[in-house]
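**Student:** The residues making up each chain are set out below.
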Amino acid sequence: MSTNLLAILPELILTLTGIVIMLAEPLIAPGKSRKPLGWLAILGTAASGLAAFYQLQICNAHGTITAFYATIQVDAFSVFFHLLIAAIVLVTLLASLDYFEAGTVTHAGEYFALLCFGATGMMFMTSSVELLMVFIGLEISSISTYILAGFRKGRATASEAAIKYFLLGSFATAFFLYGIALCFGATGSTSIAAIAAGLTITSTPLLGWLAVAMVLIGLGFKVSAAPFHVWTPDVYQGAPSPVVGMMSTAPKAAAFAVLLRFLFSATPMYRSHWILMIEILAVASMTIGNLGALAQRDVKRLLAYSSIATAGYILVAFTASQQDAVAAACFYTAAYAAMNVGAFVVLTQLSGFDEKLRSIQDFTGLALKRPALSALLAFFLISLIGIPFTGGFFGKFYAFSAAVHSGHTWLAIVGLANSGVACFYYLRVLSALYSRPVTDTLSDTPTTPRRVTLPAALALTATAAATLCLGIIPNHLLHLVQRATPTTTVAATTTSPVPTLTPR
Amino acid sequence: MNQMNFDPIILTLIIATPLAGAILLALIPEDTSSPTGSKRHAIGALIITLVTLLLTLHLPAHFNYSAAPHTFQFEQNLSWIPTPNIHYHLGVDGLSMWLIVLAAFLAPLGVLASWNSIRNRTKLFYTLFLLQQVAMLGIFVALDLFLYYGFWELSIVPMTLLIATFGRTENRRRAAIKFFLYAFIPSAILLVAILWLYNLTGTFDLPALQALAATHTLAATPTALLLCSIAFLVAFAVKVPVFPLHGWLQEAVAEAPTAAVMVLAGKLGLYSILRFSFGIFPDQSRHVAPILIALGAIGIVYGALIALIKTDLKTLAAFSTLSHVSFVVLGIFTFTILGLDGGVFQILNESLIGAAFFILLGLLYERYGTYDMRDYGGLATRHPWMATMFVLTTLAAVGLPMLGGFVGEFLILSGSMQSFATHHILWTTLAATGVIFGAAYMLWMIQRVFYGSPGVRTEEVHGWDLCAREHLELWPLAALFLIMGVASPLWMRAIDTYGAPIAGKVVQISPGVYKNIETETYSVNWQEFNRDCIDHPGHCRVEGSARMETAKEVR
Numbered sequence: 001m002s003t004n005l006l007a008i009l010p011e012l013i014l015t016l017t018g019i020v021i022m023l024a025e026p027l028i029a030p031g032k033s034r035k036p037l038g039w040l041a042i043l044g045t046a047a048s049g050l051a052a053f054y055q056l057q058i059c060n061a062h063g064t065i066t067a068f069y070a071t072i073q074v075d076a077f078s079v080f081f082h083l084l085i086a087a088i089v090l091v092t093l094l095a096s097l098d099y100f101e102a103g104t105v106t107h108a109g110e111y112f113a114l115l116c117f118g119a120t121g122m123m124f125m126t127s128s129v130e131l132l133m134v135f136i137g138l139e140i141s142s143i144s145t146y147i148l149a150g151f152r153k154g155r156a157t158a159s160e161a162a163i164k165y166f167l168l169g170s171f172a173t174a175f176f177l178y179g180i181a182l183c184f185g186a187t188g189s190t191s192i193a194a195i196a197a198g199l200t201i202t203s204t205p206l207l208g209w210l211a212v213a214m215v216l217i218g219l220g221f222k223v224s225a226a227p228f229h230v231w232t233p234d235v236y237q238g239a240p241s242p243v244v245g246m247m248s249t250a251p252k253a254a255a256f257a258v259l260l261r262f263l264f265s266a267t268p269m270y271r272s273h274w275i276l277m278i279e280i281l282a283v284a285s286m287t288i289g290n291l292g293a294l295a296q297r298d299v300k301r302l303l304a305y306s307s308i309a310t311a312g313y314i315l316v317a318f319t320a321s322q323q324d325a326v327a328a329a330c331f332y333t334a335a336y337a338a339m340n341v342g343a344f345v346v347l348t349q350l351s352g353f354d355e356k357l358r359s360i361q362d363f364t365g366l367a368l369k370r371p372a373l374s375a376l377l378a379f380f381l382i383s384l385i386g387i388p389f390t391g392g393f394f395g396k397f398y399a400f401s402a403a404v405h406s407g408h409t410w411l412a413i414v415g416l417a418n419s420g421v422a423c424f425y426y427l428r429v430l431s432a433l434y435s436r437p438v439t440d441t442l443s444d445t446p447t448t449p450r451r452v453t454l455p456a457a458l459a460l461t462a463t464a465a466a467t468l469c470l471g472i473i474p475n476h477l478l479h480l481v482q483r484a485t486p487t488t489t490v491a492a493t494t495t496s497p498v499p500t501l502t503p504r
Numbered sequence: 001m002n003q004m005n006f007d008p009i010i011l012t013l014i015i016a017t018p019l020a021g022a023i024l025l026a027l028i029p030e031d032t033s034s035p036t037g038s039k040r041h042a043i044g045a046l047i048i049t050l051v052t053l054l055l056t057l058h059l060p061a062h063f064n065y066s067a068a069p070h071t072f073q074f075e076q077n078l079s080w081i082p083t084p085n086i087h088y089h090l091g092v093d094g095l096s097m098w099l100i101v102l103a104a105f106l107a108p109l110g111v112l113a114s115w116n117s118i119r120n121r122t123k124l125f126y127t128l129f130l131l132q133q134v135a136m137l138g139i140f141v142a143l144d145l146f147l148y149y150g151f152w153e154l155s156i157v158p159m160t161l162l163i164a165t166f167g168r169t170e171n172r173r174r175a176a177i178k179f180f181l182y183a184f185i186p187s188a189i190l191l192v193a194i195l196w197l198y199n200l201t202g203t204f205d206l207p208a209l210q211a212l213a214a215t216h217t218l219a220a221t222p223t224a225l226l227l228c229s230i231a232f233l234v235a236f237a238v239k240v241p242v243f244p245l246h247g248w249l250q251e252a253v254a255e256a257p258t259a260a261v262m263v264l265a266g267k268l269g270l271y272s273i274l275r276f277s278f279g280i281f282p283d284q285s286r287h288v289a290p291i292l293i294a295l296g297a298i299g300i301v302y303g304a305l306i307a308l309i310k311t312d313l314k315t316l317a318a319f320s321t322l323s324h325v326s327f328v329v330l331g332i333f334t335f336t337i338l339g340l341d342g343g344v345f346q347i348l349n350e351s352l353i354g355a356a357f358f359i360l361l362g363l364l365y366e367r368y369g370t371y372d373m374r375d376y377g378g379l380a381t382r383h384p385w386m387a388t389m390f391v392l393t394t395l396a397a398v399g400l401p402m403l404g405g406f407v408g409e410f411l412i413l414s415g416s417m418q419s420f421a422t423h424h425i426l427w428t429t430l431a432a433t434g435v436i437f438g439a440a441y442m443l444w445m446i447q448r449v450f451y452g453s454p455g456v457r458t459e460e461v462h463g464w465d466l467c468a469r470e471h472l473e474l475w476p477l478a479a480l481f482l483i484m485g486v487a488s489p490l491w492m493r494a495i496d497t498y499g500a501p502i503a504g505k506v507v508q509i510s511p512g513v514y515k516n517i518e519t520e521t522y523s524v525n526w527q528e529f530n531r532d533c534i535d536h537p538g539h540c541r542v543e544g545s546a547r548m549e550t551a552k553e554v555r
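So the protein lines, in turn, are chains A and B.
Residues 1 to 504 in my numbering are what the first sequence lists, from first letter to last.
Residues 1 to 555 in my numbering are what the second sequence lists, from first letter to last.
No lab work stands behind these hints: they were computed from the structure.
Treat the hints with care, as some may be off.
Now the stretches of chain B that chain A is said to cover, found in silico as 3 or more residues with beta-carbon under 8 Å [claimed, not checked]:
{"hint": "1", "region": "144-151"}
{"hint": "2", "region": "158-168"}
{"hint": "3", "region": "409-420"}
Cut-off 35 Å, straight-line C-alpha distance, at most; resulting in silico cross-link-like pairs (DSBU-like, lysine-lysine) [unchecked claim]:
{"hint": "4", "chain 1": "A", "residue 1": "Lys-32", "chain 2": "A", "residue 2": "Lys-164"}
{"hint": "5", "chain 1": "A", "residue 1": "Lys-356", "chain 2": "A", "residue 2": "Lys-35"}
{"hint": "6", "chain 1": "A", "residue 1": "Lys-369", "chain 2": "A", "residue 2": "Lys-356"}
{"hint": "7", "chain 1": "A", "residue 1": "Lys-369", "chain 2": "A", "residue 2": "Lys-32"}
{"hint": "8", "chain 1": "B", "residue 1": "Lys-123", "chain 2": "B", "residue 2": "Lys-178"}
{"hint": "9", "chain 1": "A", "residue 1": "Lys-369", "chain 2": "A", "residue 2": "Lys-35"}
{"hint": "10", "chain 1": "A", "residue 1": "Lys-35", "chain 2": "A", "residue 2": "Lys-153"}
{"hint": "11", "chain 1": "B", "residue 1": "Lys-310", "chain 2": "A", "residue 2": "Lys-356"}
{"hint": "12", "chain 1": "A", "residue 1": "Lys-356", "chain 2": "B", "residue 2": "Lys-123"}
{"hint": "13", "chain 1": "A", "residue 1": "Lys-153", "chain 2": "A", "residue 2": "Lys-32"}
{"hint": "14", "chain 1": "A", "residue 1": "Lys-369", "chain 2": "B", "residue 2": "Lys-178"}
{"hint": "15", "chain 1": "A", "residue 1": "Lys-153", "chain 2": "A", "residue 2": "Lys-164"}
{"hint": "16", "chain 1": "B", "residue 1": "Lys-39", "chain 2": "A", "residue 2": "Lys-369"}
{"hint": "17", "chain 1": "B", "residue 1": "Lys-178", "chain 2": "A", "residue 2": "Lys-32"}
{"hint": "18", "chain 1": "B", "residue 1": "Lys-123", "chain 2": "B", "residue 2": "Lys-39"}
Sample of chain B residues lacking proximity to chain A, with all beta carbon distances greater than 10 Å (derived) [what the hints assert, rightly or not]:
{"hint": "19", "residue": "Ala-20"}
{"hint": "20", "residue": "Arg-40"}
{"hint": "21", "residue": "Ala-67"}
{"hint": "22", "residue": "Ile-177"}
{"hint": "23", "residue": "Leu-181"}
{"hint": "24", "residue": "Thr-201"}
{"hint": "25", "residue": "Leu-227"}
{"hint": "26", "residue": "Glu-366"}
{"hint": "27", "residue": "His-383"}
{"hint": "28", "residue": "Gly-452"}
Built from N, CA and C at the ideal position, the CB exists for glycine as well.
Whenever a hint applies, use it, and build me the whole structure from the sequences.
**Tutor:** Here it is as structure tokens:
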């Protein structure tokens, strides 16, 4: 296999799967179940995950894979995100297999294909070291998620979600593109390594400075960091639950990956500048996210605000040295993916396609009717709070201790205070789940609700196991993400086209 | 003797048994069709708790009484997570050994007490009950702060759910939330304190931290250490509860089912104070001791006075609990051998007496469906056995000589008299009046429920006397009241290996320290003392009684 193909193997598999699904969709008679297409997508995603794993073996044996004129770079860092994205999409697919059966959706095939395409875009974002290539990946992933957000057609909230996401998203992407253009203006290149070298000798540092700001705005939107977060609650509320689980984690992971690469590899010389912006973004996201969540009555909106806050926690890690930052951010991203996707899978199972359960009130006493699902939701919420022995705790622990090590103790304190605030709104949901309604007499027989299907059960088991494992044996993942760091720097310097030039 | 050596894994077994049981019960489906089917979870829980009890009996059987102070036995120490440095470190000493046995002993009684009163959702009930058991046993054996914190948090969750789901009245949700917030907020601050300590020392290991504290090598300002110690103390004091922090107790006691109430207050918080506050912050704990002594004495009288005017039996029991745990608080913060030993002994007593009292109240409620004292009356003729047990429990609670309560209260009050805290005589006097009030409300309660003319409720409903299962619940407790009253050294021997070294730090025999004790008790120059200790190690290993003599001489 040629190096080029090997470098994009996971993306390639996903694209092919998506295309096959699109082609097969019209062949299935209208009204027939689209489940086989879903299984196809699951197979494709699993295969792409295996391909990413294969890449990891190659990387371990032969070092970084560089392909397509050094626009694609596969190292432990990008493989980590490939695996993470594949896992998130896989779980989402498993959870949504039966999601459409109950509804009146006739175009479920597109849904599966769009998930595959979206994942392709996100994977490209994490493995490219050329900003234009990143942009293309970002567009592929964004357009897929715009459509997915409005998938429950005909509902006002769904249309609102799709339109809002699309308009604001395009706007943010324009900022990102503008940032790339300014980078090119300052350095004459859009390759991360070349930018790093060019910025040290540029005669227009202001241009570079602006470029960093623009990129931060564009990616800040994608990770829903305050003050670029306003779309989040509306979109999460209107989008289908399994999609929200995916789009609150996978595109964010990809955007964080780009941000890590860009900030630490392309613009390390502007650290003193961008660290201020990161601090502002982090504090604003944590505070606005948590205070906003306190006021929410709708569970999906509440989780949307909690995801804004999470972006803030992850950004706290960015204030540390590269190795700490990469390790902490990657760990938190993975932990957040496990618990948040899990929470949304439970929501999907509980409320179904019609999303009957919306407000916290609707969840009252649910634990008595659906004990297993409620227990899982409770577990994910506990992890989101950050109680020890869950993935959420170590996510926060590593992020805050990274900040403390780099001398940003005040950020860690703000984060801790915010985690305290966060308890209250998660606890509201928990207390609703586990309080017996006043009318309940303890003697009623539990009704038999819709059963959890096997694929959904698999998805739930996987996310719960991941959340638990990250909470009791976090070191395996930590080692992986700690190893992920040096490769990015080494690769960035070796592929630098102007290694001999000295700074001005 | 060619038997297998269980010592290194016994503690893991003790925790793992109820945990495995909880998982097992959660997997067995509920069957309400047949009487035996609906009891399967109760039977399962009973077997599991009995096995756990048998396992815990291994500890007193193989306890080494001559081990050096501040060492732990049956230790298991495995590295778990390298970053942060968390160990799976379990161990037992004279303090925790009997508490573990106590917790395991109360569990089967709790199952028996729930046998008939919990008819629905038995699976949920017994699963949560066993998880609560895991958390309690875990708290008693964990020696790694992080591990301990995990168990501590775990102890909050099942209890909240038990109250929220199996609460008696519509007030259950409020009671559950109140209990949860009271427990959770201070423990969140406790987590911050633990992490701060980790940041300072790089270890969660209790023996390591104890060693650091003993040699005064914790590199932090005294104010920071004091604040940290207060974060620890407040989290524990809420769980006890210590006097002004008891806001959650009444509603939680009123709502929680009998088996949960039995383990609600007291031992977890008190143990944690003794183990962690005294262990890691010995100086800071002595610094705040006068305040805690005052709060303990106030709590004794306050709880007793409130109990005196309440007509609801559960409310009365709640405030009597407050009064009893305040005795322990008073005892342990005197930092005298008598106070500490008596305090620890009283934790055991108080738990047993409280358990018996709550079981008996539960039995009354099962028969008559009310906790209002005014509806009762003249029960003694109808339920002679129940009346006997009630009276016996009451006598143990009020501290009749020959019964367990007397030993604990006597030791605590004598310890408090000997302490060096400011106004200690005043507080001891106040606490001693609490004994009188305690006798008043308990005996008055007995009189109103069991004697006099029959009440409204007792005339309407015809209850029955104790059945075999109920006899089985109460006799072991009654027997223990008596045994603990006449053979207290059986327990005291282990407790003293913990209490004596802790108390010893106050009354030292190196000359430099002596001088200070009479005038300024709590500003002893510990650095100087420690140097003395290193120079003359023999001075620090004086037997408990000898040290008491020295203390008296000094005073």
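**Student:** Determine for every hint whether it applies to the structure shown.
**Tutor:** Taking the hints in turn, this is what the structure says about them:
| no. | hint | in the structure |
| --- | --- | --- |
| 1 | 144-151 | holds (count 3) |
| 2 | 158-168 | holds (count 6) |
| 3 | 409-420 | violated (count 0) |
| 4 | A:Lys-32 / A:Lys-164 | 32 Å, holds |
| 5 | A:Lys-356 / A:Lys-35 | 23 Å, holds |
| 6 | A:Lys-369 / A:Lys-356 | 15 Å, holds |
| 7 | A:Lys-369 / A:Lys-32 | 32 Å, holds |
| 8 | B:Lys-123 / B:Lys-178 | 25 Å, holds |
| 9 | A:Lys-369 / A:Lys-35 | 28 Å, holds |
| 10 | A:Lys-35 / A:Lys-153 | 20 Å, holds |
| 11 | B:Lys-310 / A:Lys-356 | 47 Å, violated |
| 12 | A:Lys-356 / B:Lys-123 | 28 Å, holds |
| 13 | A:Lys-153 / A:Lys-32 | 19 Å, holds |
| 14 | A:Lys-369 / B:Lys-178 | 24 Å, holds |
| 15 | A:Lys-153 / A:Lys-164 | 15 Å, holds |
| 16 | B:Lys-39 / A:Lys-369 | 21 Å, holds |
| 17 | B:Lys-178 / A:Lys-32 | 52 Å, violated |
| 18 | B:Lys-123 / B:Lys-39 | 10 Å, holds |
| 19 | Ala-20 | 17 Å, holds |
| 20 | Arg-40 | 17 Å, holds |
| 21 | Ala-67 | 31 Å, holds |
| 22 | Ile-177 | 6 Å, violated |
| 23 | Leu-181 | 8 Å, violated |
| 24 | Thr-201 | 14 Å, holds |
| 25 | Leu-227 | 14 Å, holds |
| 26 | Glu-366 | 15 Å, holds |
| 27 | His-383 | 27 Å, holds |
| 28 | Gly-452 | 34 Å, holds |
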